[in-house]
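Quick note, the sequences are listed as chains W and E, same order. With this note's numbering applied, the first sequence has no gaps in its numbers, which climb one by one up to 218 at the end. With this note's numbering applied, the second sequence has no gaps in its numbers, which climb one by one up to 438 at the end.
It is possible that some hints are incorrect.
As a list, the in silico DSS-like pairs of lysine-lysine whose alpha-carbon atoms are at most 27 Å apart [what the hints assert, rightly or not]:
id	chain 1	residue 1	chain 2	residue 2
1	W	K116	E	K319
2	W	K112	W	K80
3	E	K96	W	K116
4	E	K208	E	K197
5	E	K159	E	K169
6	E	K161	W	K116
7	E	K308	E	K85
8	E	K208	E	K159
9	E	K201	E	K291
10	W	K116	E	K325
11	E	K246	W	K116
12	E	K161	W	K112
13	E	K206	W	K112
14	E	K319	E	K291
Only some residues are given here: those of chain W computed to face chain E with a beta carbon under 8 Å [to be verified]:
id	residue
15	D6
16	S124
17	V125
18	T128
19	H215
Hints are computed from structural coordinates only; laboratory data are not their basis. Glycine residues also receive a C-beta, built at the ideal position from the N, C-alpha and C atoms.
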Amino acid sequence: MTTWFAHTFPNVVYLGWGGSDGWETAIIQTLYMTFWPAIFGGILGLLFGLGLVLTEDGGVLENHASFTFFDKVVSLFRAVPFIILLAFIAPVTQKIVGTQIGTTAALVPLSLGVFPFFARQVQVALKGVDKGVIEAAQSVGATLSDLIFTVYLREARSELIRVSTVTLISLVGLTAMAGAIGAGGLGNMAIAYGYNRFANDTTLIATLLVLVLVLIIQFSGDFLAKVFNHKAA
Amino acid sequence: MTEPIIKLEDVNVTFQQKNQTLPAVQHVNLDINQGDIYGIVGYSGAGKSTLSRTINLLQNPTSGKVTVNGRVFFDQKVTIKAKELRQERQKIGMIFQHFNLLNEQTVIQNVAFALKHSKLKEKEITAKAKELLDLVGLGEYANSYAAQLSGGQQQRVAIARALANDPKILISDESTSALDPQNTNQILDLLKDLNKRLNLTVILITHEIDAVKRIANKVAVMDHGQIIEKGSLIDVFIHPKQELTQKLIGFNDGPLKAIGLLTKSGERTQDETFVKLTYTGGEVNEPIVVKLYKDFSVAANIIYSNVDFLGDQLIGTLFISLQGDDANIRSSIAYLNSHNVTVEEIQQGKKQNESEAEAV
Ligand SMILES: Nc1ncnc2c1ncn2[C@@H]1O[C@H](COP(=O)(O)OP(=O)(O)O)[C@@H](O)[C@H]1O
Ligand SMILES: [Mg+2]
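Just need the whole structure built from these sequences, with the hints factored in.
Have a look at this one:
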């Protein structure tokens, strides 16, 4: 078995498990680049998504200027292709994390790249909350924080989990591109060590590992979305 | 008279659409007294919901004055602070066509949500929520989710939630329109019962006239944003002035058809006088006919008769043809009028559709 593996995937074995070029390192880098941008981009996206829904026409904090601000910022960041964003915000990255290259440097553009996508998804999810339910809550004297936490976020919970799943998966996709600034990860493994070196076995295994990660995210997301849904089918 | 609990003065709501203005509520004046069940009827789009939402300022009027519980909420502009408005809103319960419960909260949490900003402690909130659920007969469903309940049950939960802060007013916006007839009647009877027991003022918004007939004591008819007719239920039902009101309540539908058919078929002669008698309370059909014949030598033929209930008040309608000496007919009508029977003469010799439109 081991010999069969070494024979069929020579380049994979050559890279090794630990070490700076190893598989373990790449897997950890990908998880690292998925986790922190998911937190930062997630919080930012949630805030912007909430802002969009609360300040829209007919929203509970209807305010045209604020809405336009949220809307334009989100649209602007969405319009910039990620690979260009990586280069473009390098000076900002330098300021925030003290370096322009490496895995940690990738966290800044990844967060900023994923947040507008998530903000739009959150916006759609929150808009799905029935206006009538909000009105009913207001009619019993609900405060703004009740409306945000007990009505919007809670009622849309299952939908928010669903869009978070989609966002996480697209974030995994973005981490592959972060290789361009030397961030490593499985995507980089597939391109730099696989594709560029004509090592197809490396590309295959890196791709399979990414696929496993995506499937784990998808299944957990679907499961949680179902558990937290009490609406009629 | 004491002050009305809700007073709307020249209330207007205009919606600004892209390039047009839509007057959804126009020049509405309405006084609602404590203990009233005030029906507001009209077709869809008439402005009923918008009007009701001005009462707790879920919708700010464009102009006018809104006074509730003696407190001016709006007088050309909002005249109450946001925090106080939230407190006042708790005294105005509201229920809706689609119940609008929180799907991700249990039944008891839905009710407790309304009590979050009351002075009660957490334990007391739970106890009160439970009590309210018992009041609407759903105590055993406390830990269910809305989706597990029937429409009628969900509306009961919504009622419990609306009553949580012991409001003096309950606004019901089409609360029975999504329910089957049996559930509709149960909910209406529950509202009536709450009205009696708690002296709760109910605003019953609906396009279903039967709901109003069942429990309201007053009614206003809305059309194109305006209140075109209002008054006590009995007055409006017996003497509807506007054509739309007559149409909504199906005024004279059946009997006029009957008379039209009779006249057309030539079975009847010109010397007949058709009259419509309306009476409330105890008078019964047969004795009137007998009396007219015995005392006035007038032959009365019953063409159509109907007994209807407005709340628990009985309303009888009797269409009869009278044959006899002119003078005798006059005096028999005078007799009936003096005995609390409203007599209206119906023009004859007209075609059915004409007489329908011109019914007096
Ligand atoms: N928020 C709104 N913005 C614009 N138009 C509205 C709004 N709410 C209601 N309308 C319009 O106002 C009119 C009255 O609506 P509504 O009060 O819901 O009537 P009803 O409850 O009698 O069916 C309708 O033409 C409706 O389309
Ligand atoms: Mg309506």
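Results of checking the hints against the structure:
Taken as a hint, the K116(W) and K319(E) pair is broken in the structure, with Cα atoms around 37 Å apart against an allowance of 27 Å. Annotation: proposed proximity of K112(W) to K80(W) is violated, straight-line Cα distance about 36 Å (limit 27 Å). With a CA separation close to 21 Å, the supplied pair K96(E) and K116(W) stays within the 27 Å bound. The suggested pairing of K208(E) with K197(E) holds, with an alpha-carbon distance near 17 Å, which does not exceed 27 Å.
Between K159(E) and K169(E), the direct Cα distance comes to roughly 16 Å. Compliance with the 27 Å bound is thereby established for this hinted pair. Only pairs whose Cα atoms come within 27 Å are accepted, and K161(E) paired with K116(W) is accepted, the gap being roughly 21 Å. Proposed proximity of K308(E) and K85(E) is supported: the alpha carbons are some 14 Å apart, at most 27 Å. Of the supplied pair hints, the one linking K208(E) and K159(E) is violated, its CA atoms being roughly 32 Å apart against a limit of 27 Å.
The hinted pair formed by K201(E) and K291(E) fails the criterion: a straight-line CA distance of about 41 Å is larger than 27 Å. Among the hinted pairs, K116(W) with K325(E) is inconsistent with the structure: their alpha-carbon atoms are about 33 Å apart, more than 27 Å. Between K246(E) and K116(W) the CA atoms are separated by roughly 25 Å; this keeps the pair inside 27 Å, and the hint holds. With a CA separation close to 26 Å, the supplied pair K161(E) and K112(W) stays within the 27 Å bound.
Straight-line distance between C-alpha atoms of K206(E) and K112(W) comes to about 33 Å, which puts the hinted pair past the 27 Å bound. Distance hint between K319(E) and K291(E) is fulfilled; the C-alpha atoms sit about 17 Å from each other, no more than 27 Å. At its closest, the beta carbon of D6(W) sits 48 Å from a beta carbon of chain E; the interface hint therefore is violated under the 8 Å criterion. A cut of 8 Å between beta carbons decides the hint on S124(W): the least distance to chain E is about 4 Å, and the hint holds.
The criterion of a C-beta within 8 Å of any C-beta in chain E is met by V125(W), whose closest approach is roughly 4 Å, and the hint holds. About 7 Å separates the beta-carbon of T128(W) from the nearest beta-carbon of chain E, less than 8 Å, and the hint is met. Restraint check, H215(W) versus chain E: the minimum CB separation of about 4 Å is within 8 Å; hint holds.
Of the numbered hints listed earlier, those contradicted by the structure are 1, 2, 8, 9, 10, 13, 15.
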